[in-house]
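Visitor: Going down the list, the sequences are from chains S and V.
If you want this note's numbering, it's the 1-based position in the first sequence plus 868.
If you want this note's numbering, it's the 1-based position in the second sequence plus 868.
A portion of the hints provided could be inaccurate.
Subject to a maximum C-alpha distance of 30 Å in a straight line, what follows is the list of computed BS3-like cross-link-like pairs (lysine-lysine) [what the hints assert, rightly or not]:
no.: 1; chain 1: S; residue 1: K933; chain 2: S; residue 2: K921
no.: 2; chain 1: V; residue 1: K878; chain 2: V; residue 2: K921
no.: 3; chain 1: V; residue 1: K929; chain 2: V; residue 2: K916
no.: 4; chain 1: S; residue 1: K916; chain 2: S; residue 2: K878
no.: 5; chain 1: V; residue 1: K929; chain 2: S; residue 2: K921
no.: 6; chain 1: V; residue 1: K921; chain 2: S; residue 2: K878
no.: 7; chain 1: V; residue 1: K933; chain 2: V; residue 2: K878
no.: 8; chain 1: V; residue 1: K933; chain 2: S; residue 2: K933
no.: 9; chain 1: V; residue 1: K929; chain 2: V; residue 2: K878
These aren't lab readings, by the way, just hints derived from the structure by calculation.
Protein chains: 2
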Amino acid sequence: MAVDPNAVAKQFTDFYYQTFSSGRQNLGSLYREHSMLTFEGAPIQGDKAIVEKLVNLPFQKVQHKVTTIDAQPSSPTLASLLVSVTGLLLVDDSPNPLQFSQVFQLIPDGASYYVFNDIFRLNYA
Amino acid sequence: MAVDPNAVAKQFTDFYYQTFSSGRQNLGSLYREHSMLTFEGAPIQGDKAIVEKLVNLPFQKVQHKVTTIDAQPSSPTLASLLVSVTGLLLVDDSPNPLQFSQVFQLIPDGASYYVFNDIFRLNYA
């Protein structure tokens, strides 16, 4: 089974950021108990704690405009993937988009993937 | 043996970017035959091809000013690490720093690590 890392990465990020905008409380199914998020330097572990963190971010409306997506296989033995995203974040009614970078490691789980690693950073000029 | 991912990440990035500035032809020892670099969207595989790419980048002098470093274990079974870096790139005598993001996956190799994954992107506003 040949998987195209770029196709999986595009599909995953489309789903992830759409769900983030439409109802980020629903992102929990993408994480597991041993999943890790480092959000602006703060480490968080586990699906429940990660969703709590995301839900409590201090904005109501949020949109990620993805600029670049790069993907690579992350293991010689497993069909896991490293996905690196850069883009712009629009929050609430602010006219000023913020640059962000986000990295995911996706681990195969049946016909799908879950997020084992997630690192998010805003990029200030 | 408990490894502090943040300490390893700091040590690695210090060494990597110092070597990049002082003589990037010497970065080859950090990569292996199956290592991958995606540089501004272009995929390159193998230590020799990666170093050739880095050496032939169209600048003489380069300095990476690291702004943030985040690290996480990248495997439940192996002491591998995911390292995400954001910062500013100064090339030649340009007064305008460029924002960049770079992701590494480091795989243990004896007492040290090699780079299995490397994804580099400039971030344009």
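Visitor: For the pair supplied as a hint, K933 (chain V) and K878 (chain V), confirm whether the alpha-carbon distance does not exceed 30 Å.
Guide: holds, 13 Å
Visitor: So if I understand the rule, the pair passes when the alpha-carbon distance is 30 Å or less; does K933 (chain V) with K933 (chain S) pass?
Guide: holds, 26 Å
Visitor: Would you mind confirming whether the straight-line C-alpha gap from K929 (chain V) to K878 (chain V) stays at or under 30 Å?
Guide: With a Cα-Cα distance of about 22 Å, the restraint between K929 (chain V) and K878 (chain V) holds, given a limit of 30 Å.
Visitor: Take the C-alpha atoms of K929 (chain V) and K921 (chain S), compute the straight-line distance between them, and say whether it is at most 30 Å.
Guide: Violated - the C-alpha atoms of K921 (chain S) and K929 (chain V) are around 41 Å apart, more than 30 Å.
Visitor: K878 (chain V) and K921 (chain V): Cα distance at most 30 Å?
Guide: holds, 24 Å
Visitor: What's the verdict on K921 (chain V) and K878 (chain S), does the C-alpha distance respect the 30 Å limit or exceed it?
Guide: holds, 26 Å
Visitor: Does K916 (chain V) lie within 30 Å of K929 (chain V) when you go C-alpha to C-alpha?
Guide: The given pair, whose Cα atoms are some 21 Å apart, holds under the 30 Å limit.
Visitor: Would the hint linking K916 (chain S) and K878 (chain S) be met if the CA-CA limit is 30 Å?
Guide: Cα-Cα ~25 Å, so holds.
Visitor: Given the hinted pair K933 (chain S) and K921 (chain S), is their Cα-Cα distance within 30 Å?
Guide: It holds: about 21 Å lies between the C-alpha atoms, which stays within 30 Å.
The earlier numbered hint that this structure contradicts is number 5, and it is the only one.
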